[in-house]
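Engineer: Once you've looked at the hints, dock chains B and C with the ligands against the given chain A.
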Amino acid sequence: MQQISASLKNAAKTSVWTPFNIVAGIIIAVGLVLTVIRFTGGLGAVTNLDHHTPWGLWIGFDLLCGVALAAGGYMTSAACYIFGLKRFHAAVRPAILTAFLGYALVVLALHYDVGRPWRLPYPIFYSQGTSSLLFEVALCVFLYLTVLFVEFTPAALEWLGLKRARNLVVRLVLVLTIFGVILSTLHQSSLGALYLIAPSKLHPLWYSSYLALFFFVSSMFAGLSMVIFESTLSHRFLHHKMDEHHLEQSHGVAISFARAASFIMMGYLFMQMIGLAADNDWHHLTTGWGAWYLLEMIGFVALPAFFFALGSRERNLRLIRWTALWAVLGIVFNRLNVSLVAFNWQLPADQRYFPSWMEVGITLFIVTLGVVAYRFIATRMPILYEHPDYREQQEE
Amino acid sequence: MEQAFFTLQEFMTHTKSVVYLLMAAALIGLPLFWLFLTGRDEKKRTF
Amino acid sequence: MGITRRQLFGWMAAAGAGALAPGVAKAAAGKHFSGYPESFGVLHDITHCIGCRKCEAACNEVNDLPDPDTPFDDLKVLQDKRPLSATAYTVVNRYQFESASEPVYVKTQCNHCLEPACASACFVKALRKDETGAVVYDASLCVGCRYCMIACPFQVPAYEYDKAFTPRVMKCTLCYSRIREGKLPGCVAACPKEALTFGRRDDLIKEAQRRINRNPGQYVDHIYGRFEMGGTSWLYLSPRSFSSLGMREDLGVKAAPEYTSGALAVVPMAVTAGVVLLTGIYAIARRREQIAEDERQAAVAQTRARAEEEMKQKLTEQKKAADKEREAIVNREVEKALKEAEQERAADKPAADDDSGKET
Ligand code: SF4
Ligand code: SF4
Ligand code: SF4
Chain A
5 MQQISASLKN AAKTSVWTPF NIVAGIIIAV GLVLTVIRFT GGLGAVTNLD HHTPWGLWIG
65 FDLLCGVALA AGGYMTSAAC YIFGLKRFHA AVRPAILTAF LGYALVVLAL HYDVGRPWRL
125 PYPIFYSQGT SSLLFEVALC VFLYLTVLFV EFTPAALEWL GLKRARNLVV RLVLVLTIFG
185 VILSTLHQSS LGALYLIAPS KLHPLWYSSY LALFFFVSSM FAGLSMVIFE STLSHRFLHH
245 KMDEHHLEQS HGVAISFARA ASFIMMGYLF MQMIGLAADN DWHHLTTGWG AWYLLEMIGF
305 VALPAFFFAL GSRERNLRLI RWTALWAVLG IVFNRLNVSL VAFNWQLPAD QRYFPSWMEV
365 GITLFIVTLG VVAYRFIATR MPILYEHPDY REQQEE
Chain B
27 MEQAFFTLQE FMTHTKSVVY LLMAAALIGL PLFWLFLTGR DEKKRTF
Chain C
196 MGITRRQLFG WMAAAGAGAL APGVAKAAAG KHFSGYPESF GVLHDITHCI GCRKCEAACN
256 EVNDLPDPDT PFDDLKVLQD KRPLSATAYT VVNRYQFESA SEPVYVKTQC NHCLEPACAS
316 ACFVKALRKD ETGAVVYDAS LCVGCRYCMI ACPFQVPAYE YDKAFTPRVM KCTLCYSRIR
376 EGKLPGCVAA CPKEALTFGR RDDLIKEAQR RINRNPGQYV DHIYGRFEMG GTSWLYLSPR
436 SFSSLGMRED LGVKAAPEYT SGALAVVPMA VTAGVVLLTG IYAIARRREQ IAEDERQAAV
496 AQTRARAEEE MKQKLTEQKK AADKEREAIV NREVEKALKE AEQERAADKP AADDDSGKET
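Protein chains in written order, with our numbering: chain A, 5 to 400; chain B, 27 to 73; chain C, 196 to 555.
Pulled out of the complex, with its shape left as it was, chain A reads as follows:
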């Protein structure tokens, strides 16, 4: 309790007019206006979606990238709690928080994207279209968001000083982690599998019957890179919130994660090649689409993998951190390729989709909400440090 009042006092002391707050404030204000337009004028009022392209930026970026980048949550908690790699302990809470916020925002974005958002519970509670992969996605989002929420509550409960409730939840950690890992595995892969139904619309270089596997494997290194990248940001802006335990572990975490990511990326490259061979798609490589595909594979997978390897061999944190950003961009590139660039590739250029500024505005709005929420929580709750009352128990 003391802490809350202390942090409130702190907040009151520092000025509200920091550059961060101003920019975030503007984006949020614009976002609110666009929200009103969207929900009074329909999808057509703000988006460029049309008959040929029913899924635009909000699915391609907000859903696909959002979920891929939230993969850090299951990667770290699995490493720490299931595989028993206790030295990653300090990375778990920030990763869980990001995953939770990421998923919450994905769900928020879906409310903008679907035509009748108030019916979003239908697939789970009312009419189950079990033959659809989107059903699986819906089920996983719903369950995993619940799991993440429970996994996150210990931090909030510590902050609020509710010891008994907190200890009850902590006892569930293992079951939750196992559920979480399974659900997010499924979820990541089913997002790729969404496109399996449209072999005639997705370019053969990106379409593969292994699409689900590709999405899953790439989400692994996406999550790892995201944990590194995000800890870089936290180090820069929230350094004062970290305890020794966290600071001491975070270097080790970065190096091990870079190594893991690098290896998985190399594996992913081979898998992609096997995918090409399985469908005999080699001849597409010499076309313009092929060049684009190679740019993705070499520029955004092979090279980051190599620099991650260098960074972890030479224990060069700077290199690792920049490479993490690069790899994160690579994942965004991949997801946008599948959902927007290579989708509907058969259409003439003038019928292709390009997002309207208002779609971009809503996306920015949602991302900003996420950053603000992360900052709010990480500066108040025991995320980057361990709560003094629970230090002993946490070691368990």
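Calculated from the structure, these hints are not laboratory results.
Watch out, some of these pointers could steer you wrong.
Claimed, not checked - Here are the computed lysine to aspartate or glutamate pairs in the DMTMM-like style, where the Cα-Cα straight-line distance is at most 25 Å:
#1 Lys90/A to Asp489/C
#2 Lys90/A to Asp67/B
#3 Lys276/C to Asp354/A
#4 Lys90/A to Glu490/C
#5 Lys249/C to Asp259/C
Said to hold, decoys possible - Calculated Cβ distances over 12 Å to all of chain C for the following chain A residues:
#6 Trp21
#7 Pro23
#8 Ile26
#9 Val34
#10 Val50
#11 Ile201
#12 Val221
#13 Ser238
#14 Ile259
#15 Leu273
#16 Ala281
#17 Leu289
#18 Thr291
#19 Ala377
#20 Ile381
#21 Tyr389
Small disclaimer: the values here were computed from a predicted structure and weren't measured.
Just so you know, even glycine gets a beta-carbon here, dropped at the ideal spot from N, CA and C.
Structural biologist: Then chains B and C with the ligands, alone, in the frame of chain A:
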């Protein structure tokens, strides 16, 4: 329970809904069984 | 002949519609599905179509769609290719070829696939294949995710993007409520040139094959929709390659659900195996930890024992040393005392001597 299906699509909707229910049963049942399995171990963290 | 072929098929259909109701189901044999038996379809003979747009008008009327911007008898709209839209379930497009003076007209609408991709994709069962053959949409379930639009290989479903509260997916219904009443679909009834024939799909395929055989050179030897994407209820006959008329010929014959069945089949197994596997890994990790812990404890115990031993030894040694020292001290003291005593004695003697000498 002899049901007739005329399309693969219907067949899948039906079988998948049964399968999803079984999956839920596995998700809940297996951890509980693990509790039973390790119930006699030392008190310490048996889940 | 007083009865046109179209009407004939229509009557047959009407007679058959009654038989649909009780659903005399032949049990699904094995895992092969050949669609609803005796379901209906429409054969579109492109060579007969004159692009009058009467079907568009009829469709608009029977489905209560909003009035179009330009009236249906205005044929100038044919200059541009029009996609299906939220206000038009069916559209006729004109294809002009340099090699031929006469243009070719093609009517498009939902093809009512035998294994509809859209229904397979819908996560609330808002789309389903009806026993009449129609793929039917239920707006009261639809969430508006538009995955059906992603899935449809023929780019059919349209969406009411401009509605804020009640947006629907819009597509041809095969007029299934009219079929159940024993009537023909609106567009079929309106067509003046027999370009559209309604009937049982099986019969339509035979009829189409007959036309191809009877009129060599007039048709390409392919019934579009017979096998495309697992087959569709709407079938097409064309005087030239279908791909030149904007119809994709690269779709393959695999039904849409077959593309996803693999991924879907993995899910429940992955979950169940995943729980077992992860719990196992956890148990092994814990066990290893336990062993490490035990070993550490054993090692600790051992060192402690060794230390104690050493301590004991040291103690005894010390004791011994102490004893020795004490002995030495005692000895020294004794010696000292003895020496002193001796000295004393020695000192006494001469003194005594002296004394005695003096005394004497
Ligand atoms: S043509 Fe498209 S909308 Fe019509 S039934 Fe087939 S998949 Fe569904
Ligand atoms: S838009 Fe409606 S009908 Fe289409 S898949 Fe989504 S819920 Fe089903
Ligand atoms: S079958 Fe009915 S809904 Fe479909 S195009 Fe013809 S008139 Fe329109």
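Engineer: Looking at the structure, which of the earlier hints fail to hold?
Structural biologist: 10 and 11
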